[in-house]
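Colleague: In case you want the letters, here they are:
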Amino acid sequence: MLDRLFQALVDGVLQGSVLSLAAVGFSLIFGVLGVINLSHGVLIILGAYLALVALRTIGLDPLLALPLIAAICFGVGYLYQRFLISPAIRRASLLSSLLVTYGVALILQNLFTLVFSADNQSVRPDYANSFDRFGGITVNRLQLIAFAISCVLIAILAWVLRRLPIGRSIRATAEHELAARLCGVDTDQIYAISFGLSAAFAGAAGVLIGMLFPFAPSSQEDWTIFGFVVVVLGGAGSAAGALLGGLLLGIISALTGAFVGPAYPNAVAFLVLVLMLLLRPHGLLGSAFHGSR
Amino acid sequence: MKRPLSRRAVRTGIAGAAVLGALAVLPLIASPFALRVAQTILFGAALAIAWNILGGFAGYWSFGSAAFLGLGAFTAALMQEHVQIADPALRLAVALAMGGIAASLLAAIIGYPILRLRGAYFSIAMLGVSLILAELSSGLDVFEGAVGVTIDPVTAAAPERFFFYVFLALAVIALSIAAAVRYSRLGYGLIAIREDEDTARMLGVPTERYKLVGFIVSALLIGLAGAAYAFNLGYVTTSSVFRSQLSFDVVVYALLGGMGTLAGPVLGAAIMAVLNQVVLGGLLQIHMLMTGIIIIALVFLLPSGLMGLMRGHRRILTVVGTPMPEERAVTAAEQPPAPACPQTDEAVLKLVGLSRQFRGLKAIDQIDLQLRSGSISAIIGPNGAGKSTLFNLVTGYLAPNSGEIWYQRTRIDGLPTHRLSRAGIARVFQIARPFHGLSVYDNVLVGALFGRDGSRDPHQLTMDALALARLSALADQPAASLPVGHLRRLELARALATRPRLVLADEPCAGLNPTETREMMDMIQAVRRTGTTVFLAEHDMQAVMRMSDVVFVVAAGRLIAQGPPLDVAHDPAVIEAYLGKPFELGSVSEPVR
Amino acid sequence: MLISRRDALKTGSAAAALLGSDDVLASAQNTIRLGGSVPMSGKESDTGLNVLEGYKVAVKYVNEHLGGVKVAGVAYKLELQLFDDASDPQRAVTLIQKQLDSGTDFFLGSFSSAIVLPTAALTERARRPMVQAGGGADQIFTRHFRYMFGIYPRASRQLVTLVEMFKSMHGQVRTCAIVATNDPFSKGQADGSVEYLRAAGIQILNTYRLPPTLTDVSGVVSDLRLRTPDALICTTHQEDSALVTQQLVATGTDVKLLFLALGPEIPAFRANLGKYAEGLTFNQYWKPTYRFGDPFFGSTANYYNYYTTVTDRKETYHTAGASLCITCYVKAIQDAGTLAPDKVRDALAALNYESFYGQVKFTADGDGDAVLMGAVISQVQPSGLEVVFPPKVATAQLVYPIPNWATR
Amino acid sequence: MTAGVSPLLDAQGLAFAYDGVIAVEDVSFTVRAAEAIALLGANGAGKSTTVKMIAGVLPPAQGRLRFDADDVTSLPSHRIVELGITLVPEGRLLFPRMSVSENLQLGAYARRARHSYAVNLERVFALFPRLAERRHQLAGSMSGGEQQMLAIARGLMGNPRLLVLDEPSLGLMPKMVDDLFGLIGTIRAMGIALILVEQNVFQTLEVVDRAYVLEKGRVTLSGPGRDLLRDDAVRKSFLGL
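Here the protein sequences line up with chains A, B, C and D, keeping their order.
Just so you know, the first sequence maps onto residues 1 to 293 in our numbering.
Just so you know, the second sequence maps onto residues 1 to 593 in our numbering.
Just so you know, the third sequence maps onto residues 1 to 408 in our numbering.
Just so you know, the fourth sequence maps onto residues 1 to 241 in our numbering.
Calculated directly from the structure, the hints in this document are not laboratory data.
Ideal placement from N, C-alpha and C gives every residue a C-beta, glycine not left out.
Some hints here could point you the wrong way.
[Claimed, not checked] No farther apart than 30 Å at their CA atoms in a straight line, the calculated lysine-lysine pairs in the DSS-like style are these:
# : chain 1 : residue 1 : chain 2 : residue 2
1 : B       : Lys-350   : B       : Lys-362
2 : C       : Lys-56    : C       : Lys-314
3 : C       : Lys-314   : C       : Lys-77
4 : D       : Lys-216   : B       : Lys-581
5 : C       : Lys-60    : C       : Lys-70
6 : D       : Lys-216   : B       : Lys-362
[Stated by the list, open to error] Beta-carbon label-pair distances, calculated as ranges:
# : chain 1 : residue 1 : chain 2 : residue 2 : range
7 : D       : Ser-28    : A       : Ile-166   : 37 to 47 Å
8 : D       : Glu-215   : B       : Gln-245   : 52 to 62 Å
9 : B       : Leu-301   : C       : Lys-275   : 46 to 56 Å
[What the hints assert, rightly or not] Some chain A residues close to chain B (C-beta under 7 Å, calculated; not the full set):
#  : residue
10 : Ser-96
11 : Val-100
12 : Ser-130
13 : Ala-155
14 : Val-232
15 : Tyr-264
16 : Leu-271
17 : Leu-273
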């Protein structure tokens, strides 16, 4: 019994860290731009497919390809914001970004289907299947690696936002766009960079997800929804919030799966989500840098 | 300057009847395929209209319409499976009703807590609710969602015709309800909530109740649509009715067509259905991709939705047709009659030992004061002295930690804001908070529709208030186009339309130049002449000196002086805490009256 | 042709006539149009596209190698008019209606029961036959549709062969656990199998039900480590099948037999698992090495050869099942000697012939005969996919227990 | 004004309309180095719109802006800040969830300000000792007067050559308004030119060199501050005194 509990907790934390990484970009975009990015999941899946391509074409190990993929996704996100989202918001309204990102998710999902087929894929190098046993608890090595990568990347993001001038200007733009502009911040640039960062993290998460889970173009919807849940649990716009939210989601799912039944992890997670909203509408960690939107 | 209803409403009504007539005979001429497309349009329209009641009018965007749709569908399906009713028409009717009731029950249960969330948080919470129900419907065997519920055919007639009429009826009902809501007090209240919920509450809109009613009505209609959808398909599984896709589709319909309008959702649903089933029907794998591209193209081509496009034309016409009106067009004759309502000694407002703390900090500390009926009183004090807190306490935004607030002969501390408004307490904010999306007239109309209980014609009230604030000529302008000074007047007019007995005005002269300040003071005097008591918080000492009968001075949460303006201005304690140097009276001309 | 144009105009949309291209393309005089939908995008499109490929290959063969279908001395070409339903039942129903309006007489099925059932209700009402290889839920067949025929047996009968195999193993499989997705096909299979398993005296340790959306299965896997059954039966779709297998491997959770209802028959699925795919058992409804004769292709081998020469998409039993839908129509039309839908329907119901797929015979409810058209049990072995049960068609011996993950 | 000396800022014929509603029709004025001018007028006269055009927040529909003889019309605000024009906007617009020192750091975000960050910080803390005491406090938790100080301090951190103050006295109590006008002299003494937008006509005209009166989007009057104050006709018709 105790073993089962510990196993569930460990599984939850390991899974949760990846969920955090997957959602942190969603949170950043929501916090800084006030945009609910319905195409976030599709960016994650993009990362997974890029890892697949890297492995199949030049035999590049997904973990080695990760920085490269994150860089590519940064570019994609940067251009996406600059040339699609920003003009749409300027032309119509902030709300129109909902339609645009929805449309992009549809387009990319179906583009992936055309290019990569609708089949489920996964990117599993050999070490994905080795594991260690600690007492009664089994830990998969890939999950351990993914956990470490997720934590390090999120910590880096938190540090950038906290300490570096670029991070400070991102937070300033989130709090008050006009004020930031009057301080000399090129906010258009900041928005695009934030989007790029978000996409880079999505891409990096996609690589890990591609290794841990089977994926198909249609998986994107699930990952966008996980983004919602994690952000609400932890609080929008902060790296620590996303980490906490992801871990919480992972642990809730694992415990539910182990003790309630494997059919209910999502149901319980969403229930906790709704309850959390009612009790602490801004998530566990409040909103560390998003303005009063 | 007429009520927005009237001629336009008649024209809309005639057009609506014509469309309805055409639709009613459609099955006689149209192919079954066309009827199926029409069904899809009507179904989508019913959903989007229902969604729009809460999302478009009140600004509460649900991402979880699938929750009500699925619940309605499953309730109806299970109902017809387990409760044997021989007559098929009756079976359908009962099942539909049960579907609608189940959905509205769910809304009633979750409505109160979930509607406290605002903005994206409400949207996400609703998404969560729909996902919970989806999981439960497949996980719990009572729902049979995992294997699905089959529904026996209810009609021997051609189903595409039969269900065309079912969906037509549904869409017409939904549209009628939405129209009735839109032009009722409920509708104005919901729109006021969308524009600014706090202000709405202050004007007397029972926001909690209205949101809940809107939510339940919306859920009822979505539940009905879901039940009809189930019967039309004949087979319900979790994946066919609890799809998040459906929730987002509804939002897309409303956004594309034009948010908050009556016809917008219908147009949006029509466009998407025609796109999906007719225009792109023959395309194979790329039809979803094309749909995405078209959605994005529409955002760029029609930035404010289809209805926005039409409205845009109309607005250009009016702007061209009527030149920007001159202000100062108000003659004395237009001034509302000033009932003789002399100052009395009766206290309109009485604070007894009022205190309020924030985390140990005493924002308001044992304040006692009284406002005489028909007087103008001013409260002054340094920034952070507690003036705003005091106003918030009196208007019900905050509850005191101790002490009592008496209004006329009633104790009011702890009462909700909208109740106070209906009892006759109004407030004008320092930073003007008009309903930007509404016209000047509609802004004031909201105040007139709610506000103090009584039975005066809201139109007349609105016109009177506009006249007093010298805004009559601008009544049709959108509030967003007014300059700051006019907005301040609009706020005052809106507050007056609530027929207050007591107006609390938070720095009405801040940011106004001397001319404008004088105009504002004239208006406040005019307000007092109607018998209304005025309570000002103001930094402009000249204005305070000229207008007030009594001045209260607060510093660090305590009342440090009170009395006639001249006495207070020479009080050393006041000079020390607030003025910095003795106030020069040389520049003040004799007080107005 | 002309009629359908007028229809399109009636809807008030000239664009429909231009872009609703399938009617416009139908230019040849003597054609038999096969209508229907397939999910080519969206969640179900992975298998949906396999079904589509099967249809296409068989139609191509009939037209190019047999010169079409001869009815009363006239040769008719087959023409596929399939559209993408994107797993949206409402879109599917509307577009099927369009085809009914434009005079399409014969229909093929979509993939997933949530689409097949509503669309079949429509064609049933119009008295037009539908032959499908994508809807297995019992509900489809308990409605007693007369015009709808499914290649596969209904879900609850699909694990009969598996249980027969367990029985033949003389007590080697004493315990089992079931993992099922909460959807009509998977849950139907699992529910149906429970009775057969009990009757066979096999203890069911646990039944795990997974939600239809993506979820983590580590809880299931760690539970399986604590109470390990001899056989793990997963009546799951391929995404869940892959995830369960991956996590069993990743945590070194060994079972003696791992059965996956959907997954191992798909080459991409096996490729993703690599060496861990070995030993997986699954329901095989068809396999290229069968030695059946066929009135059109001649034999299973010929069919397979033809298939591989005209398409790159790897064969699965879904592609073969879909091809069979086409040849069933051809056979039934020839038997009936007419294109009258009622007569063709009767001929379909009366079919009883050997095809490249096996003996074709439908039950009175329209599903494939559970014995004749039911599954055989196959296993992924180093030599390829080998049939291991029933013995008379077996190509190899069942490897039992399968090697531990860690020792591979 | 005076020929020969080229002005620091030269605005000629500025115009702007919101959605077709004209806010500024034709506004021209100049600011010389280390000079303080005021823009006066009723609400809706176009003062705030004018300074937003100077700061690059709004692009002029017509007209020309020269700063230090360079054309800066329609440059984005971050470029304007880089050149040395800083706007302290109406309503302060601080970053309420960031600390005082982070607000000041952001004030020095421009490249021109980064190298002189330490010097400027010292200068600002000398000017506003309260801010030095509260440098770790969140900006949003300070009182109105302190927030206004911080807003001006943040503007000064940008190392500006021209500081534009939009309604700095709004919402301040009389005592603090006095302090504020005292401060304006100090800022001028640093050699920084000033544009002051104010409703507080008397005190403003006391401290500025010249003032421009705007009415319905046009400059209708201009001249030295004290002259305007003394001119009776001006007082009556334009300042409404």
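Colleague: Against this structure, judge whether each hint is valid.
Modeller: Do the hints match the structure? See the list:
1. Straight-line distance between C-alpha atoms of Lys-350 of chain B and Lys-362 of chain B comes to about 20 Å, which keeps the hinted pair within the 30 Å bound.
2. The straight-line distance between the Cα atoms of Lys-56 of chain C and Lys-314 of chain C is roughly 14 Å, inside the 30 Å bound, and the hint therefore holds.
3. Between the alpha carbons of Lys-314 of chain C and Lys-77 of chain C the distance comes to roughly 26 Å, so the proposed pair stays at or under 30 Å and holds.
4. Between the alpha carbons of Lys-216 of chain D and Lys-581 of chain B the distance comes to roughly 36 Å, so the proposed pair goes past 30 Å and is violated.
5. Taken as a hint, the Lys-60 of chain C and Lys-70 of chain C pair is honoured in the structure, with Cα atoms around 15 Å apart against an allowance of 30 Å.
6. The hinted pair formed by Lys-216 of chain D and Lys-362 of chain B fails the criterion: a straight-line CA distance of about 46 Å is larger than 30 Å.
7. Range check, Ser-28 of chain D to Ile-166 of chain A: Cβ separation about 39 Å, and the 37 to 47 Å hint holds.
8. Checked against the given bound of 52 to 62 Å, the beta carbons of Glu-215 of chain D and Gln-245 of chain B, roughly 57 Å apart, stay inside it.
9. Against the hinted window of 46 to 56 Å, the Cβ-Cβ separation of Leu-301 of chain B and Lys-275 of chain C comes to about 54 Å, which satisfies the hint.
10. The restraint placing Ser-96 of chain A at the interface with chain B holds, with a minimum CB-CB distance near 5 Å, inside the 7 Å limit.
11. Satisfaction of the interface hint for Val-100 of chain A is found here, the shortest Cβ-Cβ separation to chain B being roughly 6 Å, below the 7 Å cut-off.
12. Nearest Cβ of chain B to the Cβ of Ser-130 of chain A: about 33 Å, over the 7 Å cut. The hint is violated.
13. For the restraint placing Ala-155 of chain A at the interface with chain B, the shortest Cβ-Cβ distance is roughly 26 Å, beyond the 7 Å limit, so the hint is violated.
14. Here the hint on Val-232 of chain A is kept, as its CB sits about 5 Å from the closest CB of chain B, short of 7 Å.
15. The beta carbon of Tyr-264 of chain A is positioned within 7 Å of a beta carbon in chain B (closest approach about 6 Å), and the interface hint is therefore held.
16. Look at Leu-271 of chain A: its Cβ gets to within about 6 Å of chain B, closer than 7 Å, so that hint holds up.
17. For Leu-273 of chain A, the shortest C-beta to C-beta distance to chain B is roughly 5 Å, which falls under 7 Å, so the interface hint holds.
Consistency with the previously given hints fails for numbers 4, 6, 12, 13, ordered from lowest to highest.
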